[in-house]
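Let the sequences and hints guide you as you build the complete structure.
Residue numbers (full-length UniProt numbering): 1 to 870.
It is worth saying that the hints were derived from the structure and are not from the lab. Any given hint could turn out to be false.
[Said to hold, decoys possible] Derived EDC-like pairs: lysine to aspartate or glutamate, alpha-carbon spacing no greater than 16 Å straight-line:
{"no.": "1", "residue 1": "Lys777", "residue 2": "Asp744"}
{"no.": "2", "residue 1": "Lys7", "residue 2": "Asp117"}
{"no.": "3", "residue 1": "Lys680", "residue 2": "Glu712"}
{"no.": "4", "residue 1": "Lys777", "residue 2": "Asp593"}
{"no.": "5", "residue 1": "Lys612", "residue 2": "Asp117"}
{"no.": "6", "residue 1": "Lys680", "residue 2": "Glu667"}
{"no.": "7", "residue 1": "Lys494", "residue 2": "Glu533"}
{"no.": "8", "residue 1": "Lys578", "residue 2": "Asp618"}
{"no.": "9", "residue 1": "Lys719", "residue 2": "Glu511"}
{"no.": "10", "residue 1": "Lys813", "residue 2": "Glu849"}
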Amino acid sequence: MDHDNYKLKDFRIFNINDSSNCPERRFRSVFDISELSAVTAEISFYNKKFDEESWESELELFCWRNPYDQDREIIESTNITLGADKAENIISCVYTLEPIDEEDWIPGSYIIEAWIDNVKIADTTFYLEDTGSLEKDANPCFDIFGLKLFEDSDKPEPKRYERSYYRQFQRMATRFIWAELEIRNKLPHKTWKAEFFFNFYNDMRQLVHHVVAVTDVKPNHPNHEFFIEAGCGDPVNVNWEEGNYTVEVIFMGRMVAIANFKVADSVDKEKLAYTITWGESPLSVETSGVELMNEDEIFRELDNLVGLEGIKQRLHDYADYIRYLKLRDTMGIEPMKSINLHAVFTGNPGTGKTTIARMLGKIYKHLGLLSKDTVYEASRANLVGRYIGETAPITREVIEKARGGILLIDEAYSLAVKSDDNKDYGREVIETLLTEMSDGPGDIAVIVCGYPKEMEGFLNFNPGLPSRFKYIYEFPDYTPEELMEIARRTAVQKKLNFSEEVSDMMYKYLEEQYRGRTRAFGNARVVKSMLEEAQLNLGIRVIKARRENLSKEDLCTILPCDIEGLFRKKGSKSVQMKTDEVLLENMLNELKDMTGLESVKTEISELAKLAKYYREMDMDLVSAFSLNNIFTGNPGTGKTTVARIMAKIYKALGLLERGHLVECSREDLVGAVVGETAPKTLAKIEAAIGGVLFIDEAYSLVNGNANDFGHEAVEVIIKQMEDRRGEFSLIVAGYPKEMESFLDSNPGLRSRFDNHLVFTDYSASELMEIAGIMLMKNKLTANTEALAHLQAYFSYHSANRNQYFGNGRFVRKVLEKAIRNHNLRLSQVPKAERHENMIKTLTLEDVHEFAAGSDTLIKRGIGFMKTNAG
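Structure below.
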């Protein structure tokens, strides 16, 4: 539960007598009654009043036995004064709970509840078992039959089949490595709770992964055998580094089993060796293991490719389906019919389409679907003739050259220029291909490639195309991690090497390129270009050094200076300014004085505290602090006002240089003709540099069709958010539902915003408070009757509001009209009779027209308030 003063961090249990020195072994949830007479609870909080003020609260801890039963009973309770000094960022409280009578510790489940100021804020569960004392050389709970290692997905199949176990794993083909602990229950007549800690370490004894497995050990397993599993890896990417690893299993604070394994680029078909350890007397057991899977080299090569996990899985599944059809044919169930081999590959450049096409050729050949595994590449230039009657023979000649293998046509959409243009010979290529795919002699697979959007248009160009191309493979852009892995492999092929520092610099560069990518993003080609420039700089550096006796290492090692040029192309120098404490305090006070908006005030106040904390910790504010915000709420809820205040707060914190606000809408960003949008959008962004660009009703940019120029404005904005990160702040605002559609309109948009502030509608009392402030600014007061009338009017419209209700704008329109009525009334009074009280008092006559149930002031519109004439 959250609170104004604190936020819960952790609530954990441990045995203070536990001899383990490792934090991951110390905190537990299962204990034996023989090992403790008390439990120790540690609860910690984040101090939300950090660097602001000190505070105290009363913390109460209650320990219950059988907490989920109706007859649960409390066995211990305590009160603690929780004191937080304003200099403390994290507050921790450790307390040992001792029952009144040691006999209160009986097997079962327990829960400790934490209450602060009579409000329950957390609980944690632990279990006591009576399985027997754990001795150095004796385990009364179970016998260990093995700790084995196997490879599987992130969700392995239940152990219903014979698994293959290894001690070595191929680095580029391994995602998840699982440890399987096999035990035999020594307490066959009872079910008991067990907690196992699986710790994966690399050869530098660094903890790679930590898994806690809490399970019920039941007596009804065959032969009382029981399996506990824990996995380490990544479900999508290859992230194993080459080297030796260890997995240790901890039970009741003791290491009970250990296994060693190796990850390498090439592996040996060796026997599986694993070690069982109890106490300090390890027992080495060697067993004949299953040899590494004898998989076809084709599929091994496929699996070794970087990324493309979805494509790989589909090809595996496709191959399995072909084998299934062949089995049905062999067993006489159904003859195997001709199989459609044609496919569409969609994706941006450099995503591996040609590589996968070559792999697919090998797979088709291996499965007996094609006579050759060749890939013949062609484009419009190779297929279209210059004269009437020349195109069809050229296309048929290309088809014959490719027959037996795959015909790969890149940028196939270039063949479908205009459906009504009979002078474009690309139509003839498509018609010739359709004839071949329908009535030709076969032994060919046609694969067409191109950008996703254009390939969709290609398939719709001719009604016969979708039925010929049944398989569509979508090639996603490589992630920065995958691009870095491609860089490492390419470097090995080019016999180049680089340090960890250079690797980090390369990753940063690739990450920047990925963030700012457009549909023309080169993917693997970006990696190739990066390494070519690095090698060019390496060569120039080596030759200019004019050193004698250069070693191979000198000629092959990329240094940081060789890739610094990649970053110099990015512009301006970053300036970090000091905090303006006076301006910051003034802006926070101005925000605090605004009516309502409590959650918005809290969020902005916490952002300011975080920025100050980051600066005190010498952290890079540009990378640690996001300046981009989403404001959602109905009209008149203060979004623009808060945006102005935030601009000044960012300036006060030294995050922005100028702290000004540039307001704009669709009309300011989107052009009327081709080529006008990007310059208009860039001009607005340039005007906002050093301040805040505030786009109201931002969803209007994408409300048109896919070809609307507003989408171009969004793409420009996304790129500038990345290229000029830290130079300006972007705030997009609008109705909640419409803003969700806006954020989903572009895949890269939502991830650019870390902060989302919700502006709720004002209540009737808050509307009255706004009215009072406006009257005060106009040096007016309302008498009792006028106040009661306005209260009734605002209460009615607050209760019957819709999404177009103007909130603060509505109040402003009412007050402007009331003040106008007041001035008109006074204009009818002779000057000599006007006294000060009359001039400064709003009466019922001035507000009488605003009757509850009347819509004289409001007409339905999209966020606008309109007044009647007169």
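ask   = When you check the alpha-carbon spacing of Lys680 and Glu712, does it fall within 16 Å?
value = holds (11 Å)
ask   = Can the restraint linking Lys680 and Glu667 be considered satisfied, given a maximum Cα separation of 16 Å?
value = Holds. Lys680 to Glu667 sits at ~10 Å (cutoff 16 Å).
query = Can the restraint linking Lys494 and Glu533 be considered satisfied, given a maximum Cα separation of 16 Å?
reply = Satisfied, since the Cα-Cα distance of roughly 13 Å is no more than 16 Å.
query = Are the Cα positions of Lys578 and Asp618 separated by 16 Å at most?
reply = holds (12 Å)
query = For the pair supplied as a hint, Lys7 and Asp117, is the alpha-carbon distance within the 16 Å limit?
reply = holds (14 Å)
message = With the threshold set at 16 Å, check whether the alpha-carbon distance from Lys612 to Asp117 stays at or below it.
response = violated (30 Å)
ask   = Are the Cα positions of Lys719 and Glu511 separated by 16 Å at most?
value = holds (13 Å)
Straight-line alpha-carbon gap Lys777 to Asp744, limit 16 Å = Judged against 16 Å, a Cα distance of about 42 Å means the pair is violated.
request  = Compare the distance between the alpha carbons of Lys813 and Glu849 with 16 Å, and conclude whether the hinted pair is satisfied.
outcome  = holds (13 Å)
ask   = CA of Lys777 to CA of Asp593, is that 16 Å or under?
value = holds (14 Å)
In this structure, the hints that do not hold are numbers 1 and 5, in rising order.
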